[in-house]
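Undergrad: Listed here are the chains, written in short residue letters.
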Amino acid sequence: MKDKNEIDATGPRRDGDHHQEDRRLFLKQSLAMTGLTLTPFSFFNAEPDSYSVLAGNADRVDLSLTINGVKRRLSVDPRTTLLDLVREQLGLTGTKKGCDLGQCGACTVHVDGQRVLSCLSFAVMQQGRKITTIEGLSNGASLHPMQEAFIKHDGFQCGYCTPGQLMSAVSCIREGHANSEAEIREYMSGNLCRCGAYPNIVKAILAVKTSGQSV
Amino acid sequence: MANAHQNPAEPHPSLDRVDGRLKVTGAATYSAEYPFENLAHAVLITSTIAKGRIRTIDAKAAETAPGVLAVLSHMNSPGVPAYGSVKLPAERAPVGTAFRVFYDEFIYFSGQPVAMVVANTPEQARHAASLVHVDYESEKHQTDFEANLSKAAVATSVQRNKTSPFQDYDRGNPDAIYTAEVKIEATYTIPTQHHQPLEPHAIIAVWEADDKLTVYDKNQGVKSAQGNLAQAFKLPRENVKVNSKFIGGAFGSGIRVWPHTVAAVLAAQKVNRPVKLVLGRELMFTSVGYRPFTVQKIAIGATKDGQFTAITHEGTGQTSTYEEHLERTILATRAMYVCPNVSTRYRLLNLDVNTPTWMRGPGDATGMFALESALDELAFALSIDPLELRLRNHADSDPERHLPWSAKSLKDCYRIGAEQFGWKNRILEPQTMKADGMLVGYGMASSLYGFHRHPSKAKAVLLADGSVVVQSATMDIGPGTGTAMTQIAATMLGVNPKKIRFDLGDSGLPDAPGQNGSSTIPSVGSAVHAVCKALKIKLLTLAVAIPGSGFADVRPEDVTVKNGRLFPSADSSPGIAYTDILKHHKLTQVEVTEESKPGAERDQYSMYSFGCHFVEVHVSPVTGEVRVKRVVTCADVGKIINYKTARSQSIGGVVGGIGMALMEESAMDHRYGRYVTTDFASYHIPVHADIPQIDVFFVDQPDPYVNPIGSKGLGEIAIVGVAAAVANAVFHATGKRIRQLPITPDKLL
Ligand code: FES
Ligand code: FES
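First to last, the protein sequences are chains P and C. In terms of full-length UniProt numbering, the first sequence has 101 at position 101, counting the first letter as 1, and numbering is strictly consecutive. In terms of full-length UniProt numbering, the second sequence has 251 at position 251, counting the first letter as 1, and numbering is strictly consecutive.
Hints in this document: simulated from the structure, not taken from any laboratory. Since the structure is predicted, the reported quantities are computational estimates derived from the model, not experimental observations. Hints are all accurate, no fakes.
Here are the computed distance ranges between Cβ atoms for each label pair:
hint, chain 1, residue 1, chain 2, residue 2, range
1, C, K60, P, K152, 56 to 64 Å
2, P, K152, C, K140, 57 to 65 Å
3, C, E137, P, S180, 55 to 63 Å
4, C, L39, P, K152, 33 to 41 Å
5, C, G735, P, G212, 46 to 54 Å
6, P, D62, C, D436, 55 to 63 Å
To give an idea of the interface, some chain C residues facing chain P are shown, with a C-beta separation under 8 Å as derived from the structure:
hint, residue
7, G26
8, E123
9, L198
10, G280
11, R281
12, G478
13, K644
14, S648
15, G652
16, D679
17, F680
18, A681
19, I685
20, P686
21, Q693
Cβ atoms here follow ideal geometry from the backbone N, Cα and C, with glycine treated the same way.
Use the sequences and the hints to build the structure in full.
TA: Shown next, in the form of structure tokens:
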């Protein structure tokens, strides 16, 4: 558990070491979850050729998880990522696909309270977990303080990186890594913004942190 | 400290983004996010060779894979009517032919779409795409710009057009450069760079009927996309609907209708279902253009006291074999500084690559990197402060067109920027400033971008409850178009912005240009201004007809508005509420449409936005790592509509410029003619940790001649010059002049 916390606490980053760690965790989880849920066959033992055949004929797998407080019982193609599950199957398009490669942070969601890159996680790995997407961040009609702060400090332009930035920003404070502009920059560096809203995002996070509001 | 980032001149609190709530809650709907029953998913297959032809495509395994609806290629495409049929024997497309998708067997670049799989789910489509085998016959390709530079030539389109600005240009004596008292001469190179907006390009194509097409597409101009698709598929314009309400950044990548868009439309036709295509990040390197690889040679001659006597500027850019992409690379040099003898040359090099396109600050970001670096080299050679050198050669009128500027406050920008930055603390000699073991450098550069205003229409509808809907087929790729337009309408009509809704991004709305060339506020802002003025006059006419309203004989120019009420003059009476005017006339709404367009002022004045950037870098003497520590940027773009969004746009430009200066480079393996940088792990763009706080200032004086609102464009000048300011700061820190972007540590060690 300690291991997992450490990895998740650093958030989605793209520099070498943590990337490696993310991948290791990813593999570990995939293997564990395939063992649990994919009894008919294992992708990881298959020969390359049989892999293509198997993947093409993959059955659907039952999955239950909680999304934004709602328990869902689903049937998914085992190849479906958590990101494609929420965007394509559940219509929760607030979570964005920027790269599908774990390099941009646009797809950041919370899994059991930790920030996770949903494009690097298979849906079937989420059995029994609690997922929060951007749609679940606010409390009904009233915005989360971080959402308010992003609007006030203009922490975006096109808005495409914004859901991911917000989910990471909330984690950044929860993890205790929002104590200075420099620290925020470091712990938000897995969330790319091509519009360059970085300075305003940093201001928004610092403002929420110093206001002492609960996130 | 908080105040350090506030512009002291900010006159009023800015309106928060009108679509901010949608964006922070995830409710803003981008092109790939519209729900459709029966939606099919497409995956593109692209060529793995850079030149040659397709021998065969074996799609059997893919076609029989689960969920697959079709595998589309030139062998079975329903065809794009405007392409015509393939002539036999088939020939390679000559220069000047836009790329035709799934048309014939020829390969023009690596990454060219050759086939497309359509299936019920994305997973099925992705898997089936891996089963398609394409067999090629390769030919020898040329993709290496520097190795082929000697083949560069004047573009054929320029040869045909004697009035093209890209014709060879000589002002004064072209030989003056040889006799200059002091002369510097250098060659500057920028590599290919890609827009890489965070939202990948995406489209959902829906044939509503055999002759009715609707697309939800990522582009920067719904009207031009509508026109292009109507032309391609030979449909009446009104039968094509383009919807692009939210765009996740574009920076130029969405100005054209690209082949993948047409491919998705063909696929939707083929399978007779709505089809969604989202480009993977790797395809964003070969599908939607790029800033072209460009080599520039600049020489500046000057007197010993720094007066320019001659400038020569030669630029060569890369393009494809089938299209000529021209950009302003050498043009700024003719207008930026006063100089009697100026020569420019512009050449193109055709390579086996896809066609480049405009990327933020097109041409000028490239050209001004070279010119403003060269100025810094001259300043060093003359031991003159670089800012002082610019002031000594400031152009008080346009030296190219011999016209007065419509307005130019560049000297104010220099003053404000220098003061806020603390430029006076700069020590002239490079490699002299240090802090915490780091080499410290201060650099600056100027910025300019031409003023663009296009005919635009807007419609305003006042409803019975006093709310207003304003509409125009303009776009918002990020700068906050709706917010600025709402603010213009609110001011013009005296209506609370909360009661105004601005609609954009829909080809069914009144005509407006696409979002490019920093033209949106100048063009559409003027149209919104005009339509609100017309609405006010219409309301006055209606008020006059109300007995005892006190508006008889009131002249339109005396009318004032406030809180949704009309007043006969500034200082009088309770006036009359808009809602009461409608009620009296038993109207449910009042509607006006107006067009606004440029006029004779274009021939009387030279119109540009101007600005400057000041940058402090720290360079590690051990690793060569460059950190940008501080940026102060100041822009003269006429009147600022919304400080908050304008400031964000400036910051975004600076961030893009830092990327251009320090990290962005699309590297190709010329053995295969293919990019090796195909994701964010290899094509680096700035991340949070790379960007300091950036201080933005505006002169904020209306330009009296450009348009009724006095506003010029900001998007491009925000990035133009930034790369030079960074390079100049690096030189000041290290004494090393890097003329080939990006400035990576290996070049400094
Ligand atoms: S989409 Fe998951 S990190 Fe980019
Ligand atoms: S706001 Fe456009 S990518 Fe961040």
